[in-house]
Amino acid sequence: MKPRLTLRGLTRRFGNVAALDGVSLDVPPGEFLALLGGSGSGKSTLLRVIAGFETPDAGTVQLDGTDLLGVPPHRRPVNMMFQSYALFPHMSVASNIAYGLKREGLPRAEVAARVAQAIAVLRLEGMEARKPHALSGGQRQRVALARALVKRPRLLLLDEPLGALDANLRERTGFELRAIQRESGAAFIMVTHDQAEALALADRVAVMDHGRIVQAGPPREVYDRPSTRFVATFLGAANVLDGTRTADGALDCPGAACTLRAEAPLPEGGTAVALRPERIRLATEPGENTAAGTVEESAFRGESSLLLVRLSGGATLRVSHAEEDGAPPPRGAAVRLAWDRDDVVPLLP
Amino acid sequence: MRVALRLVPGLWLALLVAAPLALVFVLAVSWQSNGVPPYDPPWAGQGTNPDNLRLLLEDPYYRASLAQSFVVAALTAGLCLLLAAPMGIAIARAGRWRNALLAAVLLPFWTGFLIRIGAWIGLLRDEGWINAVLRGLGLTQDAIPLLYTHGAMLLGMVYAYLPFAVLPVFAAATRLDPVLEEAAADLGATPGHAFLTVTLPQLFPALAAAFLLVFIPAAGEYVIPELLGPPDATLVGRVLFQEFFQNRDWPVASALALALLALLTGPILLFQRLGRAQ
Numbered sequence: 000m001k002p003r004l005t006l007r008g009l010t011r012r013f014g015n016v017a018a019l020d021g022v023s024l025d026v027p028p029g030e031f032l033a034l035l036g037g038s039g040s041g042k043s044t045l046l047r048v049i050a051g052f053e054t055p056d057a058g059t060v061q062l063d064g065t066d067l068l069g070v071p072p073h074r075r076p077v078n079m080m081f082q083s084y085a086l087f088p089h090m091s092v093a094s095n096i097a098y099g100l101k102r103e104g105l106p107r108a109e110v111a112a113r114v115a116q117a118i119a120v121l122r123l124e125g126m127e128a129r130k131p132h133a134l135s136g137g138q139r140q141r142v143a144l145a146r147a148l149v150k151r152p153r154l155l156l157l158d159e160p161l162g163a164l165d166a167n168l169r170e171r172t173g174f175e176l177r178a179i180q181r182e183s184g185a186a187f188i189m190v191t192h193d194q195a196e197a198l199a200l201a202d203r204v205a206v207m208d209h210g211r212i213v214q215a216g217p218p219r220e221v222y223d224r225p226s227t228r229f230v231a232t233f234l235g236a237a238n239v240l241d242g243t244r245t246a247d248g249a250l251d252c253p254g255a256a257c258t259l260r261a262e263a264p265l266p267e268g269g270t271a272v273a274l275r276p277e278r279i280r281l282a283t284e285p286g287e288n289t290a291a292g293t294v295e296e297s298a299f300r301g302e303s304s305l306l307l308v309r310l311s312g313g314a315t316l317r318v319s320h321a322e323e324d325g326a327p328p329p330r331g332a333a334v335r336l337a338w339d340r341d342d343v344v345p346l347l348p
Numbered sequence: 000m001r002v003a004l005r006l007v008p009g010l011w012l013a014l015l016v017a018a019p020l021a022l023v024f025v026l027a028v029s030w031q032s033n034g035v036p037p038y039d040p041p042w043a044g045q046g047t048n049p050d051n052l053r054l055l056l057e058d059p060y061y062r063a064s065l066a067q068s069f070v071v072a073a074l075t076a077g078l079c080l081l082l083a084a085p086m087g088i089a090i091a092r093a094g095r096w097r098n099a100l101l102a103a104v105l106l107p108f109w110t111g112f113l114i115r116i117g118a119w120i121g122l123l124r125d126e127g128w129i130n131a132v133l134r135g136l137g138l139t140q141d142a143i144p145l146l147y148t149h150g151a152m153l154l155g156m157v158y159a160y161l162p163f164a165v166l167p168v169f170a171a172a173t174r175l176d177p178v179l180e181e182a183a184a185d186l187g188a189t190p191g192h193a194f195l196t197v198t199l200p201q202l203f204p205a206l207a208a209a210f211l212l213v214f215i216p217a218a219g220e221y222v223i224p225e226l227l228g229p230p231d232a233t234l235v236g237r238v239l240f241q242e243f244f245q246n247r248d249w250p251v252a253s254a255l256a257l258a259l260l261a262l263l264t265g266p267i268l269l270f271q272r273l274g275r276a277q
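These protein sequence lines are chains A and B, in that order. Here the first sequence stands for residues 0 to 348, where the numbers follow numbering that gives the first Met the number 0. Here the second sequence stands for residues 0 to 277, where the numbers follow numbering that gives the first Met the number 0.
Extracted from the complex, chain B is given alone in its bound form:
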């Protein structure tokens, strides 16, 4: 029984994580070709190809794309945290409204992701609702360009990832003992001081978890920059897509995917350490 129980995650990891990862490794040292599939593996006669990984180091285009992705992911995670911290705490303390508010946070998941992003396009485009309202109020004559801006991209990212940040903060906030804030007040702390010195420090592990839960997937995000962002927002997800589907350069795309994975290992390890500390 115990063996069988271990077999399930073992098989899962072997088939769906280790095998694809090995394939990506092989691809990253393969040669681009015009065949189907469009690459020659190292054992096809040309040996391993070091150029794909070298290209990532030498061509500033890829480095810039990775750097931009990390900046956008950090901004997204930071903004999510700023919203999620008060939301999570407030929902945890909402008494009989708690479940309703929590459901409201999770409600967007009931609609398809692309439909929701499509709805943002409908709101943000030049003939969209926001511009229509602005024009109707006489605040502007010409449409203000909202869609395909960095702002729209960041808005979409924060919108999409916010629930992932709210949930860990909420879970940690429900476990807080309200008596501790009374104890702080009893010892002379103002409500603000009690929050900063007693409540917030206890939420640090959850806040770090929330940050990373948003940061890690946001770093590789493709759909939102593609649909809401400007053309110059060449985040790593978009570059991957270009290399893979437009340039049909599977080896470079694979090398880029490996680089992203390697760069994200740091935050992932940090996340695990935090999990153990809790």
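Chain A extracted, bound-state conformation:
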């Protein structure tokens, strides 16, 4: 399938800081892509470059094979849902939603029909005449989404679409967003700093750091197989163990006082592996991929408990102990930890 959006070598510098540093990416039609990163990672700049509010110093942006960089924002067939929603405060909900359609010069009747449809899809019936300030946060969010979607863009950009909602509204709105994306068939690119949001909603997650995409892939793959130390710690706060690579591709780790062996040998020059807290078990027998330690802290978290275990080599591991496996060992208990080869993730040097 031909990509809807093609980014090649995008670079944007602000003074000495590279907000974007050679970003290349393909987004197929109908994909829900999450750009995940901390503040200053370049994810918002990337979104603004695609929308046309920022001009890159180098690189290309193509939509369905057509160059976008020469096209001013108001003529790009791309729409954006802004972080603070950017609703027009002096216009009613209906006027806000109709704004983009009127700019297209569509006949009055069609504008009215499409606005009515958007209002129905986003459950805003009865709000048509209200001004944005008279709406709840969730309603404002839906108006912003309706205003962008009613244009039927081939690509919709969403800047922290759930960021301003409170926690219980987030989950429901997230599911709705997913359903709307499937129905509309448009490609969605969502910027978020919330890893749970990215993993839950997106077909593919692109993790950004210092203006680069450090890893892109399906949520499960990015989570289970982080390629770098940054991705491993940013997503799900994995344990990262450092050591020296043995001749046969295992990791000799003095901090854990053991040798960690992965399914595949460590890459040449690799000096670290990642280990997810929930993939570490308690074991009774010593053996391959086991380490001894003492429970230093234990925190109950509902479906699991988080243990901090100091290994005999000095390193501390975060261990998630599922409630269904029985009561967690108490503070001060001597334990033996074990993990499968499959759960040891070699990191790129």
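Hints may contain errors.
Said to hold, decoys possible - A short, non-exhaustive set of chain A residues, derived as facing chain B with CB atoms under 10 Å:
#1 R47
#2 H89
#3 A143
#4 R146
Claimed, not checked - Restraint-style ranges between C-beta atoms, simulated for each label pair:
#5 A:A298 / B:M0: 46 to 54 Å
#6 B:A131 / A:E103: 27 to 35 Å
#7 B:T173 / A:Q61: 35 to 43 Å
#8 B:W96 / A:D241: 47 to 55 Å
#9 B:W96 / A:S83: 25 to 33 Å
#10 A:L68 / B:T173: 29 to 37 Å
#11 A:G136 / B:L273: 46 to 54 Å
By construction, these hints were calculated from the structure, which means they are not laboratory data. Built from N, CA and C at the ideal position, the CB exists for glycine as well.
Assemble the complex: chain A is given as a structure, and chain B must be docked to it using the hints.
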């Protein structure tokens, strides 16, 4: 404490607004006389005098003067708005130049008002700088009469009141969210369209405030028409001055002042409603 806080504006209003206004009311129904002060109050034996207010209604001279004042005030306010809208918006968006530009707008206040009007006289009179430059360039032989024209009067009015129009527009423009124009562009609006449909409507209350802030004082302006305007620019401020100081007819002057106040109440109420709406 709260009582004391209310007392201050209360006293202010009573002493400096209500009392003088009551005095003007009394004067407006008094009789002109040759005494000192030059009027007989209603309780001096002749009763109330209805002629002063009737004169305003019957003598076209006063009506014409009020009408002319309103036309000049509206023109002044309109021209100020045309200049202040782009100025206020531009200063709000001037980034690190913002404070310097704002100071430049307010800078004339550091010099006395009469001195600045005097400077305009120096520029505009027949032997003034403008005519000197025109003659020097060979564009004219004889001096072009600039001073004591309606144009000079309007120029002076716009010059004097412009800062009052710039400030509210500037204040409102700084509160605008620049993302809204991006949102308009994203939805397909050209920059011009975005300005007309998104930016300008949000500034309407400030533009109305700016208009009225200029219109209300300009309607009663005396100094500028007197010093820069032609003799036939008999604006209400000048007529008041004539009645009061030249004709020593305090009752008619007071009646005229009341008429101006009554006519300005409409715009003032409108201004307050706008303030509440904001």
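Results of checking the hints against the structure:
no.: 1; hint: R47; in the structure: holds (9 Å)
no.: 2; hint: H89; in the structure: holds (5 Å)
no.: 3; hint: A143; in the structure: holds (9 Å)
no.: 4; hint: R146; in the structure: holds (7 Å)
no.: 5; hint: A:A298 / B:M0: 46 to 54 Å; in the structure: holds (52 Å)
no.: 6; hint: B:A131 / A:E103: 27 to 35 Å; in the structure: violated (58 Å)
no.: 7; hint: B:T173 / A:Q61: 35 to 43 Å; in the structure: holds (39 Å)
no.: 8; hint: B:W96 / A:D241: 47 to 55 Å; in the structure: holds (52 Å)
no.: 9; hint: B:W96 / A:S83: 25 to 33 Å; in the structure: holds (27 Å)
no.: 10; hint: A:L68 / B:T173: 29 to 37 Å; in the structure: holds (32 Å)
no.: 11; hint: A:G136 / B:L273: 46 to 54 Å; in the structure: violated (29 Å)
Violated hints, listed in ascending order, are 6, 11; each of the other numbered hints is respected by the structure.
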